[in-house]
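Undergrad: Based on the sequences and whatever the hints tell you, model everything.
4 protein chains.
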Amino acid sequence: MESSVTAVAPEGIPAKERPIASGADYVASLRGRDLKVYYLGEHVAEPVDHPVIRPSVNAVARTYDLANEEPDLATAWSPLAGQRVNRFLHIATSAEDVVAQNRMQRRLGQLTGTCFQRCVGMDAINALYSLTYDIDHAHGSGYHARFLEFLVRMQRANLTLGGAMTDPKGDRGKPPSAQSDPDMFTHVVERRADGVVVRGAKMHQTGCVNSHWILMMPGTRLRETEKDYAIAAAIPVDAPGLTYIYGRQSCDTRALESGGIDLGNARFAGQEAMILIDDVFVPWEHVFLDGETDFAAELVDRFTAYHRRSYVCKTGLGDVLIGAAALIADYNGVASASHVKDKLIEMTHLNETIYGAGLAASHESHATAAGNYQPDDLLANVCKHNVTRFPYEMARLAQDLAGGLAATMPSERDLANPETGEKLKKYLKGRDGVSAEDRARAVRLIENMTLGRNAVGYLTESLHGAGSPQAQRIQIARRMKIEEKKKLAKDLAGIGGGTP
Amino acid sequence: MESSVTAVAPEGIPAKERPIASGADYVASLRGRDLKVYYLGEHVAEPVDHPVIRPSVNAVARTYDLANEEPDLATAWSPLAGQRVNRFLHIATSAEDVVAQNRMQRRLGQLTGTCFQRCVGMDAINALYSLTYDIDHAHGSGYHARFLEFLVRMQRANLTLGGAMTDPKGDRGKPPSAQSDPDMFTHVVERRADGVVVRGAKMHQTGCVNSHWILMMPGTRLRETEKDYAIAAAIPVDAPGLTYIYGRQSCDTRALESGGIDLGNARFAGQEAMILIDDVFVPWEHVFLDGETDFAAELVDRFTAYHRRSYVCKTGLGDVLIGAAALIADYNGVASASHVKDKLIEMTHLNETIYGAGLAASHESHATAAGNYQPDDLLANVCKHNVTRFPYEMARLAQDLAGGLAATMPSERDLANPETGEKLKKYLKGRDGVSAEDRARAVRLIENMTLGRNAVGYLTESLHGAGSPQAQRIQIARRMKIEEKKKLAKDLAGIGGGTP
Amino acid sequence: MESSVTAVAPEGIPAKERPIASGADYVASLRGRDLKVYYLGEHVAEPVDHPVIRPSVNAVARTYDLANEEPDLATAWSPLAGQRVNRFLHIATSAEDVVAQNRMQRRLGQLTGTCFQRCVGMDAINALYSLTYDIDHAHGSGYHARFLEFLVRMQRANLTLGGAMTDPKGDRGKPPSAQSDPDMFTHVVERRADGVVVRGAKMHQTGCVNSHWILMMPGTRLRETEKDYAIAAAIPVDAPGLTYIYGRQSCDTRALESGGIDLGNARFAGQEAMILIDDVFVPWEHVFLDGETDFAAELVDRFTAYHRRSYVCKTGLGDVLIGAAALIADYNGVASASHVKDKLIEMTHLNETIYGAGLAASHESHATAAGNYQPDDLLANVCKHNVTRFPYEMARLAQDLAGGLAATMPSERDLANPETGEKLKKYLKGRDGVSAEDRARAVRLIENMTLGRNAVGYLTESLHGAGSPQAQRIQIARRMKIEEKKKLAKDLAGIGGGTP
Amino acid sequence: MESSVTAVAPEGIPAKERPIASGADYVASLRGRDLKVYYLGEHVAEPVDHPVIRPSVNAVARTYDLANEEPDLATAWSPLAGQRVNRFLHIATSAEDVVAQNRMQRRLGQLTGTCFQRCVGMDAINALYSLTYDIDHAHGSGYHARFLEFLVRMQRANLTLGGAMTDPKGDRGKPPSAQSDPDMFTHVVERRADGVVVRGAKMHQTGCVNSHWILMMPGTRLRETEKDYAIAAAIPVDAPGLTYIYGRQSCDTRALESGGIDLGNARFAGQEAMILIDDVFVPWEHVFLDGETDFAAELVDRFTAYHRRSYVCKTGLGDVLIGAAALIADYNGVASASHVKDKLIEMTHLNETIYGAGLAASHESHATAAGNYQPDDLLANVCKHNVTRFPYEMARLAQDLAGGLAATMPSERDLANPETGEKLKKYLKGRDGVSAEDRARAVRLIENMTLGRNAVGYLTESLHGAGSPQAQRIQIARRMKIEEKKKLAKDLAGIGGGTP
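Residue numbers (the working numbering), protein chains in the order written: chain F, 1 to 500; chain Z, 1 to 500; chain P, 1 to 500; chain S, 1 to 500.
These are calculated hints, taken from the structure and not from any lab test. Warning: the hint list may mix true and false statements.
One copy or two, either will do: identical chains are not told apart, so a pair holds if it fits within one copy or between any two.
What the hints assert, rightly or not - Simulated pairs of lysine-lysine, DSS-like, Cα-Cα distance not exceeding 27 Å: (1) K174 to K227; (2) K227 to K487; (3) K423 to K36; (4) K341 to K36; (5) K227 to K423; (6) K425 to K487.
TA: Structure, rendered in structure tokens:
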């Protein structure tokens with residue numbers, strides 16, 4: 001019999017790393033870490049209790065609760081730890097394992113309507129698993145064992161790992177070594193007997209303030225002379241030298257107001273922060289790449305092959321948006337209009353097209369030398385590339401069905417105001433039996449996902465997360481086997497092989 | 001010599017209607033009107049001074065200033081008033097006049113980056129001009145003279161007219177007379193010797209709180225039994241019985257914060273409010289349609305023919321967005337990348353496609369029986385239908401070029417915070433010579449137009465203003481002359497005429 | 001050890017049904033059948049030798065040869081027959097089996113550049129396998145055993161099965177029983193002790209003249225009163241009463257000319273014919289549905305779930321088209337132009353998006369009560385729906401890269417004409433080293449696939465095969481679980497469950 | 001009073017140049033010219049009587065007849081000739097004149113369903129009118145007067161002028177002077193006292209064999225060293241040294257068969273030929289550019305500004321296609337299905353979007369220094385760029401509505417064959433009252449325009465005529481005033497002017 005996640009609590013593990021057994025446990029684990037977090041120009045004393053930050057904590061907490069509610073979906077048996085672990089901490093050892101990630105991701109997208117922030121970490125450990133193995137074989141290093149030790153610790157403690165890849169980059173036309181300021185890409189500034197000292201910054205970090213550890217990785221192909229930029233390492237979120245600047249996003253401060261309707265989705269949100277890395281020390285045991293520039297691009301490739309098909313999570317958000325669009329159409333009395341039904345069908349078609357490519361990438365996974373399973377790179381890029389397009393069209397269709405009210409709705413406080421509330425409730429109701437308040441909630445949810453706070457998670461992140469559109473096109477070009485295809489054409493057209 | 005707008009100040013006009021000669025004059029004219037305006041559950045004492053409302057006042061003020069800066073563009077000689085008048089108050093007496101509206105609209109879109117709110121009024125007076133003429137001929141009424149008298153008064157005083165068309169509608173599957181609540185479409189509840197009493201509400205009203213008068217019109221085809229719903233009239237914005245609930249929009253409250261960067265466009269914004277019409281009395285001299293149900297649909301058609309090609313204003317906003325996208329690409333050091341240039345070309349192509357259809361609709365205007373010029377209905381609908389699509393794709397492309405920073409940028413206050421500012425400025429700068437602040441401004445402008453406050457003006461309004469997409473499709477169907485086209489096909493295919 | 005296909009030749013099987021062991025065998029098996037085939041108003045004495053028909057025979061022959069060349073790809077172990085059988089005759093007993101069909105289909109699309117015509121039969125036997133099982137359980141009939149007997153016979157003899165589903169339909173606004181002419185849907189006109197007599201016609205039949213047997217099935221949902229239309233049966237292609245009218249297609253008669261360049265793809269083509277069914281007798285042993293109207297729609301659903309994801313074959317054709325486009329760009333000296341590369345990437349992206357959805361539908365197959373595997377219906381429909389769109393855009397992009405020459409190229413005979421050939425060869429060559437003839441071949445292949453003969457297979461069939469676009473939209477609507485999605489939205493928006 | 005076209009027959013004009021007064025006259029004028037025309041490897045004795053070529057002659061004849069039927073539409077008063085002339089020979093002296101070209105073009109597209117081939121000549125004379133004027137001013141040459149003399153001769157004789165611009169180009173990555181073979185761009189090989197000798201070839205020439213004169217022009221920007229390539233001249237179609245290779249197109253040889261149904265459009269077709277220019281002598285009086293390399297790109301720009309908005313002709317073809325799609329839907333009994341209506345609306349929307357941009361380009365014409373009117377370059381390019389996209393989507397939608405029959409229809413001869421005709425007519429009829437033959441005609445017209453012969457005119461020409469898509473993108477980039485747009489963005493974002 002496998003032990004359940006909640007049963008795991010081996011003695012001897014330090015209190016701080018006692019296994020997290022629920023969403024509530026997870027929230028508690030984040031408290032009191034004395035992080036340097038800034039938002040709107042102010043230091044945030046306790047991020048967990050900040051109304052703007054809390055919804056992102058709730059989203060991660062939902063991943064822990066799902067593991068208890070649906071263990072088949074959200075946990076897996078880890079031969080490394082010898083126990084069931086949260087799927088976000090699991091190394092995929094079969095194609096079905098890789099597919100299971102997608103199923104879990106879609107479900108969490110449905111449950112939270114936003115980014116639940118744990119995929120970067122999951123995809124990073126899966127990429128590092130095989131990469132460290134291959135580096136060791138190429139360079140005789142000992143990264144793999146070191147990484148496994150770290151990973152099993154995480155699995156047993158059931159911690160949340162964030163990833164950190166995107167550097168500030170400065171002039172995007174230039175490589176790290178040609179920047180005016182050498183810090184525009186994160187790099188090692190000192191090597192000591194016990195570890196390395198790292199300096200730089202990471203941009204657009206999803207789910208870092210509410211993680212326990214961050215896996216820092218290079219984000220670009222490196223030249224042989226750029227050894228100091230070839231650094232991958234695990235760093236605790238509360239490491240000295242780390243500062244987090246919480247990104248300000250559309251409609252973020254509505255969370256500071258009373259009431260909940262105007263938020264659209266009051267419980268859940270994503271999280272994006274910038275991390276300043278100010279000469280942070282990392283002991284060797286947490287360093288998984290140091291100077292092997294020849295593996296930097298490979299790390300990016302392996303990570304993005306996982307991460308680009310992880311974006312099927314957006315089909316879960318898409319399910320919510322389709323539902324919201326159907327709901328408001330129903331409330332407006334036009335659920336049976338042919339053009340309304342047709343728009344819902346189109347939204348579904350686009351959503352499932354994304355899902356199809358993502359699932360296919362996962363099903364078509366192959367075993368690595370290290371033994372874990374790596375998704376199909378071409379299909380993963382195709383999946384993500386559709387994610388950079390279809391949610392925008394779906395958002396447009398949802399706004400179409402929502403009507404102008406999505407942008408002109410009076411505030412919740414006007415509905416509550418005795419001077420105006422009665423009249424507003426009279427005029428804002430939809431078909432018979434639909435209250436103005438329910439109509440407002442439906443409309444605000446669509447605003448939330450297409451213009452408001454979770455539009456960052458549904459649209460901007462769909463565009464830029466795991467690489468901007470052009471990054472996928474470059475990768476598709478690399479995988480499209482154009483010479484083989486030219487050969488097929490020549491064979492059928494009757495063209496001999498002798499073309500120069 | 002024609003007298004200039006500023007010279008017009010005929011004696012005998014009441015102080016309140018002294019001609020407005022500049023943007024500053026206009027702003028002053030709005031003060032002290034004791035309007036019942038509510039926003040976020042609170043009564044707004046002086047809308048002009050409310051930080052959230054003021055940018056919409058500024059946008060209208062810009063239309064007055066443009067009239068002084070470029071009189072050929074933004075004023076016209078009115079034979080009715082015997083003087084040059086602001087083009088927004090002008091009845092188009094030639095196709096070139098109709099085209100000139102488009103040129104002015106694009107320019108104002110470029111200057112404000114948002115909806116400048118005066119087109120509804122302009123389009124409404126142009127529609128009512130010919131409609132009142134035709135009703136008189138059909139019914140022997142005297143609306144046209146009454147309307148001209150009102151109009152000349154507006155022209156001479158240089159006032160801002162808003163329009164009010166969209167009713168709450170309740171169950172959209174039912175006509176006005178079949179609603180559970182008869183007030184779901186605005187209607188006459190009492191006819192007196194001196195005028196009518198009107199009740200109902202109007203939704204999504206652009207530029208009403210900062211107008212002087214509102215032209216209320218029916219928004220739908222009416223049955224013969226729905227005479228009370230066939231009401232068009234002019235009402236002063238401060239008429240007793242009118243209440244304005246200011247719509248809450250994405251990122252609106254950033255205007256309440258200090259600083260300006262996070263606003264993206266600190267000076268200008270649109271305005272959408274809901275108007276509660278609580279038994280408002282309108283004297284006969286301001287009533288331009290009352291009970292002629294046979295002309296309700298015609299009024300909608302004529303108004304929308306103007307208004308749907310008025311949406312070329314969005315190409316002015318498009319110019320700003322293209323510029324912002326080019327700017328951030330330049331700041332990032334990738335201005336010469338082929339995919340970047342290609343995206344700017346695509347944005348331009350889409351933008352000009354909208355402009356082409358709008359201009360064509362205006363150029364192809366025809367004279368009405370009343371003598372003014374009415375745009376081509378089919379092309380006007382085609383213009384607007386493209387507006388419901390292309391700005392969304394342009395927004396996506398702009399966000400693509402902006403990078404993830406459009407959604408993860410730290411706030412202005414973090415840049416200003418001594419604890420974090422220096423490091424942020426170090427890491428957030430772009431290519432050499434580009435400051436973090438300028439980069440933030442460019443990125444925030446793109447956020448403003450695609451997710452933030454002016455996304456309402458650039459996207460939601462593009463979708464729903466002047467009728468949602470399906471409204472244009474219905475009108476295109478009515479104008480597409482399908483039987484003539486079938487005849488063309490039969491002639492070429494050699495099919496005889498006798499098909500049943 | 002499993003016996004290979006070629007080894008199978010058990011004694012006792014009638015000569016006519018000796019197992020076919022190669023493409024050449026297959027071609028031989030088609031000869032001398034005395035079929036009633038008409039083309040361009042003339043009876044075709046021997047279809048195998050007709051230059052217009054032969055390329056379609058070659059395409060099917062290629063499926064037999066592939067089974068020898070790549071047995072893992074194109075054959076499978078059939079527990080029913082107790083031997084390896086051609087995959088087109090195999091009942092999928094695992095999800096991997098269903099996926100393997102897709103891999104084989106893509107490969108054959110690459111090898112032939114056209115429709116190879118055997119998928120309908122494969123998909124029909126897989127649908128009938130589970131359907132006959134379920135009918136038997138519902139109605140106590142004995143169809144399943146009867147069907148298995150027939151199927152094993154086909155497997156052992158290695159025959160080609162066509163399918164026949166689409167009826168003439170007459171007035172598409174009316175069901176079978178409301179047509180003026182009862183024959184507009186194929187139906188039973190007589191029931192005898194030994195079998196049934198069938199009358200009607202089937203339209204757009206892919207690969208019938210070159211099949212050995214046809215599986216006739218109803219193509220629509222039926223009412224209880226339409227029992228005579230609920231007929232599924234196997235009929236030998238040379239059954240008395242069957243007449244085949246070969247469809248005339250774009251550029252078909254180029255096959256009657258000398259030379260090969262102008263054909264584009266001289267070896268392979270699809271086949272579409274209309275089948276007149278003139279009181280054809282079918283013995284009971286070949287009847288698999290007779291009067292069970294409640295299973296007609298289910299048969300259509302199961303068949304289309306297979307068949308709509310079978311359209312991944314078009315990604316094989318897409319590979320050829322991408323290759324041809326890359327080839328002509330290379331020949332023209334612009335292979336490295338950024339817009340050229342970008343168009344090839346876009347074509348690949350669209351092609352792989354189709355493949356992704358199809359593969360996903362297959363991987364997500366589930367076991368039926370009968371034990372075989374049925375693809376995911378929603379994803380299969382999504383796959384096909386993309387097939388109705390993307391190949392058209394890919395064709396446009398290929399024509400873009402081909403240049404105007406794709407439509408203005410002089411004929412092969414002009415190249416060969418001593419009066420004009422030398423000059424044409426001088427002016428029609430591309431970059432140095434590329435002959436005019438090779439350039440012509442590349443351009444003609446693109447013409448062939450986008451305007452010419454195989455445009456039927458690549459475009460028209462993509463649009464209408466396995467159901468026209470609207471058919472997929474209806475099915476997507478049925479599978480989109482809109483109430484579940486509304487529930488997700490309500491949960492996040494905070495809307496209680498009590499909405500009427 | 002202006003004299004009508006038919007009245008013009010001044011004495012003293014050589015017989016060969018007697019004014020053409022009708023389509024019949026025009027056809028007669030083409031006979032007996034002893035042209036060297038080749039098609040399918042054979043010399044064509046009399047092109048006028050060749051069944052494949054004749055439909056293209058008919059299309060041009062239609063332009064002459066329209067001039068008689070609708071003189072306001074298809075003729076104009078020429079101050080140069082002092083008489084009304086065919087609009088295709090008219091220099092536009094007002095924006096309305098430029099617009100009138102578009103109206104005529106759409107009408108002829110409706111009447112012929114194909115390319116009527118006279119626009120290149122019309123656009124070329126309009127471009128040369130102002131260009132020769134400007135060259136004279138820059139270089140003191142005398143081209144303008146020379147050109148006017150030629151032009152008036154054409155106007156009075158009412159001849160058809162073709163244009164010839166596109167060179168073979170060889171390696172598209174290299175300019176004319178860098179080609180291995182100097183003849184890959186047409187050039188002057190000898191200059192004599194009485195004129196020049198020209199060598200090379202021109203590709204994809206629309207309407208040359210059925211023109212009277214050809215205006216040869218350079219097709220690309222030239223370097224100063226490429227003077228011999230800077231040659232523009234008028235050449236009679238029957239000049240010694242010219243050879244025409246008639247392009248072979250999809251379904252061309254159906255015109256050689258008996259019957260008419262299978263042709264789809266039996267009367268009209270386009271024409272594309274390749275012209276070999278084998279040391280052709282041109283006297284100085286017909287030379288309008290010789291060596292002024294600085295004006296080569298300008299000539300291309302001016303010509304394409306006219307020609308790219310001339311592609312509104314395709315909206316006339318679009319009208320036919322929409323009509324055919326509506327017709328077949330009607331014949332099939334589904335005219336009132338919501339998805340059918342929606343597709344017709346979408347087709348109309350796309351068609352009118354093209355028309356809008358084209359009309360706008362014409363309306364926005366500006367006067368040149370020479371006094372004629374030149375269309376807006378940006379809008380003209382936008383018009384054409386939409387033409388490279390929308391007809392393909394319209395073709396897809398038409399094929400959707402046509403059903404599979406568009407590719408599987410039996411031939412006309414099968415309908416006529418006594419052995420098969422009766423049954424085919426029984427099964428191929430549509431809703432009650434619609435004959436199989438009419439249904440076949442409707443379906444074949446759609447095939448003709450989307451896959452068959454006129455697909456070249458409707459699709460391939462839409463893509464490549466007047467420049468391939470990338471040519472428009474380059475021109476849009478040149479006209480998009482990106483720095484002005486960046487300035488607009490900076491102003492609104494509050495960015496100072498000092499960015500490097």
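Undergrad: For every hint, state whether the structure bears it out.
TA: The hints, checked one at a time:
no.: 1; hint: K174 to K227; in the structure: within (16 Å within a copy, 41 Å between copies)
no.: 2; hint: K227 to K487; in the structure: neither (40 Å within a copy, 41 Å between copies)
no.: 3; hint: K423 to K36; in the structure: between (47 Å within a copy, 14 Å between copies)
no.: 4; hint: K341 to K36; in the structure: neither (49 Å within a copy, 40 Å between copies)
no.: 5; hint: K227 to K423; in the structure: between (68 Å within a copy, 24 Å between copies)
no.: 6; hint: K425 to K487; in the structure: between (68 Å within a copy, 23 Å between copies)
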